[in-house]
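*Asks:* So the chains spell out like this:
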Amino acid sequence: MIGFDFSFAGTSLTALGSGALWWSSERVLVVSDLHLGKSERHARRGGGTLPPYETADTLQRLSQLITQSDPATVICLGDTFDDLAAVQALLPTERTQLHDLVAARRWIWIEGNHDPAPTDLGGAHYESHNIGPLTFRHIAAPATQGEVSGHYHPKARLRSTSRPAFLVDQSRVILPAFGTYTGGLRSTDPALTALMDQNALAILTGPRPLPMPMPR
Amino acid sequence: MLPDSIQTWFAAKGWSIHPHQHAMLERRSNPATLLIAPTGGGKTMAGFLPTLADLATAPHDGLHTLYVSPLKALAADIKRNLRAPVDEIGLPIRVEDRTGDTSQSRKRRQRADPPHILLTTPESLALLISYPDAHRTFKGLKRIIVDEIHALAESKRGDQLMLALSKLQDLCPDLCRVGLSATVDDPDAIARTLACHPDPCDIVLADPGPAPDIAMLHVDQPPPWAGGGAAYAIPAVLEQVKRHKTTLIFHNTRAQAEIFFRNLWLANDDALPIAIHHGSLDREQRERVEGAMVRGELRAVVCTGSLDLGIDWGDVDLVIQIGAPKNVKRLVQRIGRANHRYNAPSKALLVPANRFEVVECRAALEAVQAGDLDGEARRSGPLDVLCQHILITACAGPFAADDLFAQVSTVGDYANLPRDRFDACLDFCATGGYALKAYDQWQRLIKRPDGLWQLRDPRAAARIRMNLGTIQDADLLKVRLKRSRGGKPLGEVEEAFAASLTPGDTFLIGGRIVRYEGLREMTVEVSRNANKKPKVAVFSGTKFATSTQLSQRILQMFKQDHWPDLPAHTADWLHLQREVSELPRAGHLLFESFPHDGRAYSCIYGFAGRNAQQTLGLLLTKRMEELGLDPLGFVSTDYATLIWGLEPVTAPEPLLDPTGLRDGLEGWLAGNLVMKRSFRAVATIAGLIERNQPGARKNGRQATFSSDILYDTLRKYDPDHLLLKVTRDEAMRGLVDFGRVEEMLTRIQGRITHRQLGRITPLAAPLLLEIGKVPVKGAGEEKLLQQETEALMRKSGLSDLAS
Numbered sequence: 188m189i190g191f192d193f194s195f196a197g198t199s200l201t202a203l204g205s206g207a208l209w210w211s212s213e214r215v216l217v218v219s220d221l222h223l224g225k226s227e228r229h230a231r232r233g234g235g236t237l238p239p240y241e242t243a244d245t246l247q248r249l250s251q252l253i254t255q256s257d258p259a260t261v262i263c264l265g266d267t268f269d270d271l272a273a274v275q276a277l278l279p280t281e282r283t284q285l286h287d288l289v290a291a292r293r294w295i296w297i298e299g300n301h302d303p304a305p306t307d308l309g310g311a312h313y314e315s316h317n318i319g320p321l322t323f324r325h326i327a328a329p330a331t332q333g334e335v336s337g338h339y340h341p342k343a344r345l346r347s348t349s350r351p352a353f354l355v356d357q358s359r360v361i362l363p364a365f366g367t368y369t370g371g372l373r374s375t376d377p378a379l380t381a382l383m384d385q386n387a388l389a390i391l392t393g394p395r396p397l398p399m400p401m402p403r
Numbered sequence: 041m042l043p044d045s046i047q048t049w050f051a052a053k054g055w056s057i058h059p060h061q062h063a064m065l066e067r068r069s070n071p072a073t074l075l076i077a078p079t080g081g082g083k084t085m086a087g088f089l090p091t092l093a094d095l096a097t098a099p100h101d102g103l104h105t106l107y108v109s110p111l112k113a114l115a116a117d118i119k120r121n122l123r124a125p126v127d128e129i130g131l132p133i134r135v136e137d138r139t140g141d142t143s144q145s146r147k148r149r150q151r152a153d154p155p156h157i158l159l160t161t162p163e164s165l166a167l168l169i170s171y172p173d174a175h176r177t178f179k180g181l182k183r184i185i186v187d188e189i190h191a192l193a194e195s196k197r198g199d200q201l202m203l204a205l206s207k208l209q210d211l212c213p214d215l216c217r218v219g220l221s222a223t224v225d226d227p228d229a230i231a232r233t234l235a236c237h238p239d240p241c242d243i244v245l246a247d248p249g250p251a252p253d254i255a256m257l258h259v260d261q262p263p264p265w266a267g268g269g270a271a272y273a274i275p276a277v278l279e280q281v282k283r284h285k286t287t288l289i290f291h292n293t294r295a296q297a298e299i300f301f302r303n304l305w306l307a308n309d310d311a312l313p314i315a316i317h318h319g320s321l322d323r324e325q326r327e328r329v330e331g332a333m334v335r336g337e338l339r340a341v342v343c344t345g346s347l348d349l350g351i352d353w354g355d356v357d358l359v360i361q362i363g364a365p366k367n368v369k370r371l372v373q374r375i376g377r378a379n380h381r382y383n384a385p386s387k388a389l390l391v392p393a394n395r396f397e398v399v400e401c402r403a404a405l406e407a408v409q410a411g412d413l414d415g416e417a418r419r420s421g422p423l424d425v426l427c428q429h430i431l432i433t434a435c436a437g438p439f440a441a442d443d444l445f446a447q448v449s450t451v452g453d454y455a456n457l458p459r460d461r462f463d464a465c466l467d468f469c470a471t472g473g474y475a476l477k478a479y480d481q482w483q484r485l486i487k488r489p490d491g492l493w494q495l496r497d498p499r500a501a502a503r504i505r506m507n508l509g510t511i512q513d514a515d516l517l518k519v520r521l522k523r524s525r526g527g528k529p530l531g532e533v534e535e536a537f538a539a540s541l542t543p544g545d546t547f548l549i550g551g552r553i554v555r556y557e558g559l560r561e562m563t564v565e566v567s568r569n570a571n572k573k574p575k576v577a578v579f580s581g582t583k584f585a586t587s588t589q590l591s592q593r594i595l596q597m598f599k600q601d602h603w604p605d606l607p608a609h610t611a612d613w614l615h616l617q618r619e620v621s622e623l624p625r626a627g628h629l630l631f632e633s634f635p636h637d638g639r640a641y642s643c644i645y646g647f648a649g650r651n652a653q654q655t656l657g658l659l660l661t662k663r664m665e666e667l668g669l670d671p672l673g674f675v676s677t678d679y680a681t682l683i684w685g686l687e688p689v690t691a692p693e694p695l696l697d698p699t700g701l702r703d704g705l706e707g708w709l710a711g712n713l714v715m716k717r718s719f720r721a722v723a724t725i726a727g728l729i730e731r732n733q734p735g736a737r738k739n740g741r742q743a744t745f746s747s748d749i750l751y752d753t754l755r756k757y758d759p760d761h762l763l764l765k766v767t768r769d770e771a772m773r774g775l776v777d778f779g780r781v782e783e784m785l786t787r788i789q790g791r792i793t794h795r796q797l798g799r800i801t802p803l804a805a806p807l808l809l810e811i812g813k814v815p816v817k818g819a820g821e822e823k824l825l826q827q828e829t830e831a832l833m834r835k836s837g838l839s840d841l842a843s
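Here the protein sequences line up with chains A and B, keeping their order.
In this text, residue positions in the first sequence follow our numbering: the first is 188, and each later residue adds one.
In this text, residue positions in the second sequence follow our numbering: the first is 41, and each later residue adds one.
Everything labelled a hint here was simulated from the structure, so no lab data went into it.
Remember, predicted model here, so these are calculated numbers, not experimental data.
Some clues are possibly wrong.
To be verified - Covered stretches of chain A, going by a simulated chain B footprint (3 or more residues, C-beta under 8 Å):
1) 263-273
2) 383-392
As the list claims (entries may be wrong) - Where chain A lies over chain B, by a calculated footprint (3+ residues, C-beta under 8 Å):
3) 497-505
4) 755-766
What the hints assert, rightly or not - Sample of chain B residues lacking proximity to chain A, with all beta carbon distances greater than 12 Å (derived):
5) Ala113
6) Lys182
7) Asp239
8) Lys477
9) Ala478
10) Pro543
11) Arg560
12) Ala626
13) Ala726
14) Asp752
15) Glu828
16) Lys835
Each residue gets a CB set at the ideal place from its N, CA and C atoms; glycine is no exception.
The following block holds chain A by itself, in its conformation from the complex (with noise of 0.2 Å):
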């Protein structure tokens, strides 16, 4: 897998383009803040109709993702539906290839704010979750070691150029958003900089990941 490879809390990790985290030595593939369904439950509450089609751009970018890396376990960071109802609204493609996906390998939903709790599309649901010395959580906690969280969709600014970041430090790694409808935080933001220490690495996506100082 072409990405950006850093070692954290003794494990060797691969930030990829695609805003996905790749833990080879035990093929364990992270993807944060898919929020599937973002456009209904928008449209749900009165706003906008807007695109329908971002479930099914996410899903594609997924499936294209684990067809190339072959993972042996996935793990969703939280919010991967834009809220509890946006899950029994997937239209049935949807919802058949999101099935398939998570049928055929270990699954690992981690609950975020706007999905905290268990669906009917199988897999195992926790709070946060332990692999070896790597804990995966939604939102980072203060004080931590070895943590792989979300949340936050950090992006970074070079010049004019702004993308979806990671964001990484001694003690924690903050995923960008993978969805399609999601907009980003910028690394210069109170809540990311409190978060992240001095020598702390901003990962551009893109074509080819791009590892610079974070930006503060």
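Given the coordinates of chain A, work out where chain B should sit on it, guided by the hints.
*Replies:* For chain B alone, coordinates are given in the frame of chain A:
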């Protein structure tokens, strides 16, 4: 024709009624009348006289006359001006204004108990007709006066207003429409916009007054070869300011106004009271300047289009236009700002900012003298505005599609709207109009068993009202001085500009230099900075493209053997170009190729206006890339595009083949930023993107995602979607301006003159100095980013930690 009380009042003032005011009184019962009068011609009084006469003779219950103007300030100004006759004659008339600044409680009261005369803006009117009680508010309405209709007619605000009028006409069938306009090229087109189609519309032409006294400002020093600052003219401009009472100094962009104001201020040794006024400044600051002007305390105001419209700003006796006016009509309207008195000639001076603009200014002068105003063909009514109108209609209550279509068809610009396009808009409002039907149960509008359409969720009305309007200022951020508790507001900058700043950068706003400190909750925080020179001096504003008519005039001028009307420095320059290469000709395309500084250059003189030349640059470099000519970048002005690369162009014909260019356009449109910007505007107006959400914290959190993503998604999954079509049409006409590229290609009919020269030509040289160079990207962007990130990693020592 006038009641005695009003006649007496006029007599007591020593005024007589102008012939055009008479003409308006005679036509008081016509369904539609358009008055065209120069600024200061008593236009507004002509519009209101029939109303005052009516109300003086017969008491009226409720709203009688609705006055709509494009500016809030204008509504307030008219309210003051109407007070005099109403109070002095003792007429039983209540006059009130209603704009975004009016308090909520007052607005509520106005709906239940409207005044006789209500002064408002298109947006406030759209809001008024969105309430279910609109029929009560407008009961008995007799007249509607649309002021500065020439300005409104050019924008979507005008379309929104005319759609609102179609609803009012339905509520009050006898409503008379009056339009007040400055001098325009095509009065018939404005008349068609104003009238309830197919009603006729009378046009009253007021005496245009004496011809303006207009000239080029004489400056000893020749203007520079490129750029738009006109700093060389500062001493001469100051001299003119000293010689006049009040001078308005117009600029084409806010950035130029800021830079010029700063330079003017530095040279202002006599400490003359000079101020700056433009649309990005804080309202409070603008109002202060406006107040000072009315009181006659200012000797000069550096301004932009924000002062274009007809407010009576006191005793202006000179207008200076900095930079080529780009458009003759706008120039004439600006000149009209001077000598705001009937029968006195307006005095204006043009200041070219660079050598080419000397030619442009000369052409504009001749056009003004010949009364040759430029105009654009009227477009058909934009569909995004129609979508918003459908949503507004739904807010007011259930409606029948047939009725609404009939109403919309009475609006001039929508008169030829095919029913299937209307139905597509209705479907978009109801379901989103997607090929994939995913929202069946969550439609925005639903069709009831009785066939009427209504909002599915009545609470949606509040959301729709919050996002009403067609003005696109969504991407502006407020600028404040950094203080513990929120400092003084200074104005606004574009979000894209703010995003390019890093702490410590300096820029100009409101004539002062500030230092960027950071972004806090969607506010740009700055501190005062005493630096002499701002590091970053530009924030973008509208860049006008030179009109087709003006471009043609310039080409005509190039045909002359000599140029006795041009200053020697400019005439010599043109002679030299003729000697070395040739001057561009109408009906031909001059294509120069020459080496310079180790690169192969080509200069294409299309005279198609800045936007079209920019598009041409993008398309040509794309084709050059395919042909292996390795283009590296290009820069465009209103008259030419200069391209540089590694390989010289030996045959321009295949590059300029219209079919090839059109194909290139299709591919290029895919990821183009200009298209995305157009899409954002269209999707916001049509109601797909909500700028304001109830209870949303405006802190730019991850809740919002970019409209670019919606654009990309639609292109990928639903390429025939209505909004993509609308976006495309719009960009082709506006920012992409492919219409003018096509027009140019038709004009030249393949007549390309290719000049291969040994060195850079006189006409091409200034382009090298132009700002706004566009690098040709591609795989290059990734390469560049990689180099930079690696350098940063090494510099910070993090590369050792990371491996």
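*Asks:* Now look at each hint and say whether the structure bears it out.
*Replies:* Do the hints match the structure? See the list:
Coverage of the region 263-273 of chain A by chain B is violated. Counting CB-CB distances below 8 Å, 0 residues qualify, and the rule asks for three or more. Only residues whose C-beta sits within less than 8 Å of a C-beta in chain B count toward coverage, and the region 383-392 of chain A has 3 of them, enough to reach three; the restraint holds. Judged by the Cβ-Cβ criterion of 8 Å, the region 497-505 of chain B is covered by chain A as claimed, because 4 of its residues qualify and three suffice. Figure legend: the region 755-766 of chain B, annotated as covered by chain A; annotation consistent (4 residues with Cβ-Cβ distances under 8 Å, at least 3 required).
The non-interface label for alanine 113 (chain B) is consistent with chain A: the shortest C-beta to C-beta separation is roughly 32 Å, beyond 12 Å. With a minimum CB-CB distance of about 38 Å to chain A, lysine 182 (chain B) clears the 12 Å threshold, and the non-interface call stands. In this structure aspartate 239 (chain B) is separated from chain A by more than 12 Å, as the shortest Cβ-Cβ distance comes to about 36 Å. Chain A draws lysine 477 (chain B) into its interface by the beta-carbon criterion, the shortest separation being 8 Å against a cut-off of 12 Å.
A beta-carbon of chain A is positioned within 12 Å of the beta-carbon of alanine 478 (chain B); the least distance is around 4 Å. With a closest Cβ-Cβ approach of about 9 Å to chain A, proline 543 (chain B) is found to fall inside the 12 Å limit, against its non-interface label. Listed as a non-interface residue, arginine 560 (chain B) fails to keep its Cβ farther than 12 Å from every Cβ of chain A; the least gap is roughly 9 Å. Against the 12 Å criterion, alanine 626 (chain B) stays outside the reach of chain A, whose nearest CB is about 39 Å from its own CB.
For alanine 726 (chain B), the non-interface assignment is contradicted: its Cβ lies about 9 Å from the closest Cβ of chain A, within the 12 Å cut-off. Not every CB of chain A is more than 12 Å from the CB of aspartate 752 (chain B) (nearest about 9 Å), against its label as outside the interface. Some Cβ of chain A comes within 12 Å of the Cβ of glutamate 828 (chain B); the nearest lies about 6 Å off, and the non-interface call is violated. Once the 12 Å rule is applied to beta carbons, lysine 835 (chain B) is inconsistent with being away from chain A; the minimum gap is 9 Å.
When the structure is compared with the earlier hints, violations turn up for hints 1, 8, 9, 10, 11, 13, 14, 15 and 16 and for no others.
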